[in-house]
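Protein chains: 2
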Amino acid sequence: MAAIGFCAHDHTACVADLMAHARAHCEKEGLKFTPVRQRTLEILLREHRALGAYDLLAQLADEGLGSQPPVAYRALDFLVKAGLAHKIEALNAYIACAHSGTDHSPAFLICRGCKAVAEADTAMTSGRLGDAARAAGFQIEHTVVEARGLCPSCQEPAR
Amino acid sequence: MAAIGFCAHDHTACVADLMAHARAHCEKEGLKFTPVRQRTLEILLREHRALGAYDLLAQLADEGLGSQPPVAYRALDFLVKAGLAHKIEALNAYIACAHSGTDHSPAFLICRGCKAVAEADTAMTSGRLGDAARAAGFQIEHTVVEARGLCPSCQEPAR
DNA sequence: AGCAGGCATGTTATAACATATCAATTCCTT
DNA sequence: AAGGAATTGATATGTTATAACATGCCTGCT
Ligand SMILES: [Zn+2]
Ligand SMILES: [Zn+2]
Ligand SMILES: [Zn+2]
Ligand SMILES: [Zn+2]
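First to last, the sequence lines map onto chains A and B.
Just so you know, we're using numbering that gives the first Met the number 0 here: the first sequence kicks off at 0 and counts up by one.
Just so you know, we're using numbering that gives the first Met the number 0 here: the second sequence kicks off at 0 and counts up by one.
No wet-lab data here; the hints were simulated from the structure.
A couple of the hints might just be wrong.
Pairs involving identical chains hold if they fit within one copy or between any two copies, as the list cannot separate such chains.
[Claimed, not checked] In silico SDA-like pairs for lysine to any residue, Cα to Cα no more than 25 Å straight-line:
id, residue 1, residue 2
1, Lys27, Asn91
2, Lys31, Thr124
3, Lys86, Lys114
4, Lys80, Gly148
5, Lys114, Glu28
6, Lys27, Ala7
Whole structure, please, built from the sequences with the hints as guidance.
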């Protein structure tokens with residue numbers, strides 16, 4: 000339930016650690032962690048915020064790794080399917096997963112001030128959404144749980 | 000917590016009732032419920048599913064109520080701000096509110112079989128998302144809670 | 001009546017996000 | 001070596017959303 004993203008941390012180590020996890024995960028699952036895919040994940044990891052596909056594409060293009068939309072979308076699809084990244088539906092943007100590779104149902108806290116996004120973990124079938132689904136006989140396959148608001152730092156100026 | 004949308008009901012009465020609520024709500028709040036806005040809500044109410052802005056626009060255009068994107072988006076913005084409709088972020092589509100005008104934090108169950116969407120009500124600060132936000136000191140302003148899956152009817156064929 | 005301000009609408013253009021399709025290559029298996 | 005699956009390259013297109021500016025339409029004031 001910890002929501003990292005709003006607090007300072009050793010980011011270099013954080014990135015290295017998650018990249019190592021990703022490499023190991025792909026190895027284990029027999030997935031091809033190609034240069035474009037690695038670079039895409041690195042770019043997402045550098046920020047603790049969501050990037051649009053075209054923002055990402057611009058960075059890839061700067062490095063000569065492709066310049067057309069499908070390049071970015073293919074890499075993002077791969078990462079999302081592998082559980083290494085998530086799409087933030089409310090922003091039409093993408094973010095690296097903070098809980099490397101494991102199958103989970105994330106919930107996001109999105110700050111409208113500084114654009115930071117924190118990933119918290121929830122159980123899909125618990126909570127209000129699960130209750131409503133059970134009551135309706137609805138079989139959940141995927142959940143989108145996102146909150147927009149202000150992070151602790153961005154609440155300061157308003158006080 | 001009841002999730003209407005997956006069960007049959009007197010739809011003519013349902014639409015008339017919600018339109019009346021909407022009219023009363025706009026009256027009370029001093030909002031202008033203009034012809035385009037009324038027609039937009041009626042079109043959304045006719046379906047218990049989400050419509051894309053351009054689907055909606057096509058129907059408005061058929062009736063001579065405007066043919067350019069801003070017409071649809073302005074009407075939808077008005078309805079959403081007035082609490083008479085919601086955007087389904089996971090579909091980039093819009094649906095009439097099933098709980099007329101009152102301020103609430105909806106949760107949606109979206110069937111991938113029949114495209115029906117049911118609106119359930121939740122309290123924004125309760126449940127897992129609220130827990131995570133409190134733990135992080137995050138101040139929630141708006142929530143997006145959506146589940147994709149199969150409604151009771153659409154689970155049948157798979158059995 | 002004449003006018004100003006606010007809001008709604010009309011219209012054009014463009015930004016931003018996402019996918020279809022097909023050819024060329026790579027990489028693994030038989 | 002041959003076949004097949006996955007990845008990449010490249011072009012075009014589809015879909016969703018907003019910017020920008022002009023026009024009309026009420027309402028309250030002089
Ligand atoms: Zn995650
Ligand atoms: Zn912030
Ligand atoms: Zn509602
Ligand atoms: Zn269904």
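Hints, one by one, checked against the model:
no.	hint	result
1	Lys27 with Asn91	neither (30 Å within a copy, 35 Å between copies)
2	Lys31 with Thr124	neither (32 Å within a copy, 41 Å between copies)
3	Lys86 with Lys114	both (15 Å within a copy, 21 Å between copies)
4	Lys80 with Gly148	between (28 Å within a copy, 17 Å between copies)
5	Lys114 with Glu28	neither (33 Å within a copy, 33 Å between copies)
6	Lys27 with Ala7	neither (31 Å within a copy, 47 Å between copies)
Checked against the numbered hints given earlier, the structure breaks hints 1, 2, 5, 6 and satisfies all the rest.
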